[in-house]
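Taken in order, these protein sequences are the chains called A and B.
With full-length UniProt numbering, letter number 98 in the first sequence gets 98, and the count goes up by one each step, no holes.
With full-length UniProt numbering, letter number 121 in the second sequence gets 121, and the count goes up by one each step, no holes.
There's no promise every hint is true.
What the hints assert, rightly or not - In silico lysine to aspartate or glutamate, DMTMM-like type, Cα no more than 25 Å apart, as pairs: (1) K123/B <-> D197/B; (2) K61/A <-> E153/B; (3) K184/B <-> E79/A; (4) K125/B <-> E191/B; (5) K244/B <-> D121/B; (6) K184/B <-> D121/B; (7) K61/A <-> D121/B; (8) K244/B <-> D275/A; (9) K92/A <-> E79/A.
For the record, the hints were derived by calculation from the structure and aren't laboratory data.
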Amino acid sequence: MAQAAAVAKPPAPPRRRRASATPRRLPYLLIAPAALLMLGFIAYPVISVFYYSLQDYNPTKPWRNGFAGFDNFVHAFTEDPVFWDTLVFSAKWVVVEVGLQLLFGLALALIVNQTFAGRALGRALVFSPWAVSGVLTSAIWVLLYNSQTGITRYLADVGIGSYGTSWLSDTGTVFPAAIVADLWRGVPFFAILILADLQSVSKDLYEAAEVDGAGRIKQFWHITLPHLKDAIVLSTLLRAVWEFNNVDLLYTLTGGGPAGETTTLPLYIANTSVDAHDFGYASALTTVAFVILLFCSIVYLRLSKFGGESK
Amino acid sequence: MSTTKEAPVVPAPRRTRPEPQRPAGRHRGWDEVPRWQIYLPLSVYLVFTLIPFYWILLFALRPAGSTSLVPWPMTFDHFEKVWTEREFGTYFQNSVLVGLATLVLTTIVALAGGYALARFDFKVKRGFMLALLCSQFVPGALLLVPLFEIFAELRMINSLGSVILAETVFQLPLSMILISNFIKNVPYSLEEAAWVDGCNRFTAFRVIVLPLLRPGLIAVGSFAFVHSWNHFLFALMFLNNQAKQTIPVGLNTLMSADSVDLGALAAGGIIAAVPVVLVFAFIQKWLITGFSAGAVKG
Chain A
1 MAQAAAVAKP PAPPRRRRAS ATPRRLPYLL IAPAALLMLG FIAYPVISVF
51 YYSLQDYNPT KPWRNGFAGF DNFVHAFTED PVFWDTLVFS AKWVVVEVGL
101 QLLFGLALAL IVNQTFAGRA LGRALVFSPW AVSGVLTSAI WVLLYNSQTG
151 ITRYLADVGI GSYGTSWLSD TGTVFPAAIV ADLWRGVPFF AILILADLQS
201 VSKDLYEAAE VDGAGRIKQF WHITLPHLKD AIVLSTLLRA VWEFNNVDLL
251 YTLTGGGPAG ETTTLPLYIA NTSVDAHDFG YASALTTVAF VILLFCSIVY
301 LRLSKFGGES K
Chain B
1 MSTTKEAPVV PAPRRTRPEP QRPAGRHRGW DEVPRWQIYL PLSVYLVFTL
51 IPFYWILLFA LRPAGSTSLV PWPMTFDHFE KVWTEREFGT YFQNSVLVGL
101 ATLVLTTIVA LAGGYALARF DFKVKRGFML ALLCSQFVPG ALLLVPLFEI
151 FAELRMINSL GSVILAETVF QLPLSMILIS NFIKNVPYSL EEAAWVDGCN
201 RFTAFRVIVL PLLRPGLIAV GSFAFVHSWN HFLFALMFLN NQAKQTIPVG
251 LNTLMSADSV DLGALAAGGI IAAVPVVLVF AFIQKWLITG FSAGAVKG
């Protein structure tokens with residue numbers, strides 16, 4: 001998102017003093033509600049997660065609660081194979097999912113950026129899944145993948161696909177099945193972002209390239225892609241973080257199963273806290289997730305040049 | 001923009017494929033993509049997009065047990081069942097309440113903060129912007145435990161207020177960035193002119209800036225509504241009382257039941273989708289603008 005850079009470097013606001021000059025306190029008053037809410041419900045919880053990560057804390061087993069030092073972390077890294085599995089799956093999920101979303105999103109954006117009959121309708125239709133929520137996406141694909149009445153059954157009727165297996169409960173098929181379900185909703189997101197940026201490419205550049213005899217492929221590599229670079233890098237990173245964090249889809253689609261095959265780290269955290277009430281351990285896992293995300297944030301801020309020249 | 005060689009913009013004979021003259025002023029390179037290269041991939045993608053929608057309609061409208069691929073004879077039994085027996089009527093009300101309250105709260109708080117960011121230079125501004133940006137990386141899901149504690153302390157567990165507050169807070173950073181960008185697009189001189197005419201800052205803002213901000217506010221408000229309508233984990237965690245639940249939690253319950261009632265699930269899904277579809281139909285023209293104006297989170 002090239003715009004993120006604009007956020008980083010706001011144009012210097014006018015400093016002229018005038019009769020109706022505002023009290024110095026006004027900007028602070030204006031950001032106070034937002035700042036207070038974010039302090040109370042984001043900053044403070046983040047700090048308490050760090051605190052809890054050093055505690056044994058389980059409301060259902062109060063007799064064991066107390067200071068635990070780094071036991072939770074030691075347990076995660078040395079004794080908990082599930083933790084490592086979730087890390088590996090998280091990486092696999094994010095890389096495959098975001099990679100495919102970018103690829104298809106770019107292609108889709110290039111297509112609907114053309115002028116053709118029925119473009120408005122075409123855009124509206126292919127973008128429509130973007131509005132659909134994680135849980136609703138799950139509901140839809142649960143229906144599609146159902147072994148008795150889903151699309152699989154009809155595929156089997158015409159000779160493709162295996163009859164009677166539910167793609168979501170088979171360890172061999174659950175990964176691609178979940179990927180496809182999330183692609184359905186994620187590709188339009190990328191396509192919309194890229195389309196927004198495509199529209200700002202100057203047409204003159206193409207005309208000039210054409211005069212030079214550059215074909216469409218060349219034009220794409222030398223004009224379109226460089227122009228989109230910033231937007232692509234930043235939206236991919238944001239999307240990667242978002243796909244990593246988001247638990248709605250997998251929580252409801254597979255619940256992390258079968259056999260933990262689709263459990264991301266955040267999903268494991270949610271399960272550990274919501275179902276097992278092991279708040280201390282969940283907090284330690286959250287801390288690990290934070291470290292990973294912090295690393296991503298630093299990369300993001302670097303790329304968006306937030307640390308760069310200030311006004 | 002930097003990579004192309006500077007070329008004289010002189011209409012030169014085109015090398016590829018001679019074609020009938022097109023209206024002047026239209027760029028040609030990508031415009032002359034063969035039609036099939038547009039329609040073929042688009043149709044394939046359209047099929048992929050629409051089959052799931054068709055499927056959910058099919059299950060919602062055909063009688064239980066039917067395997068027909070057309071929803072005929074049509075029945076609305078599933079809708080009636082989820083609405084009354086499965087409490088979707090109640091969930092719907094709760095979701096509307098949460099969505100509207102989040103919309104109003106987010107818009108007001110973000111409007112104040114966004115104005116400060118757009119129009120003032122103040123000490124903690126850079127730090128505050130950095131905090132906004134960083135908070136995009138803090139997932140609500142990971143903060144469930146402390147948030148639960150806080151709401152327990154505030155005696156807000158099982159009250160919709162907890163979900164409204166949580167949704168608002170996590171919607172705020174993005175909304176504020178968007179709104180401040182929208183405000184920056186309104187020339188400051190307009191406001192100054194109003195002061196000269198005797199308006200105070202607030203009146204000038206209300207009379208001059210606010211009307212121009214309407215598209216931006218609609219986009220931001222709609223995003224807030226849609227997000228809180230769709231989001232699931234906060235409601236699942238903070239609302240234990242079934243009568244207080246929201247639509248996504250209701251859908252999850254339908255999915256995780258021992259024997260999934262597919263007709264009810266499909267009908268519930270459609271009920272969940274209707275408000276979102278309406279909102280998007282309404283804001284469509286502002287969608288791309290809204291996106292162009294700032295960083296975006298899906």
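A quick look at each hint next to the structure:
Under the criterion of a C-alpha separation no larger than 25 Å, the hint pairing K123/B with D197/B is inconsistent with the structure, at around 30 Å. About 20 Å separates the Cα atoms of K61/A and E153/B, which keeps this hinted pair within 25 Å; it holds. In summary, the hint linking K184/B to E79/A is not supported, as the alpha carbons are separated by about 53 Å, beyond the 25 Å threshold. Annotation: proposed proximity of K125/B to E191/B holds, straight-line Cα distance about 22 Å (limit 25 Å).
Simply put, K244/B and D121/B have alpha-carbon atoms about 44 Å apart, too far for the 25 Å limit, and the pair is violated. Between K184/B and D121/B the alpha-carbon distance is near 13 Å, which keeps this suggested pair within the 25 Å criterion. Using a Cα cut-off of 25 Å, the hinted pair K61/A and D121/B is violated, with the two alpha carbons roughly 51 Å apart. Taken as a hint, the K244/B and D275/A pair is honoured in the structure, with Cα atoms around 20 Å apart against an allowance of 25 Å.
Between the alpha carbons of K92/A and E79/A the distance comes to roughly 22 Å, so the proposed pair stays at or under 25 Å and holds.
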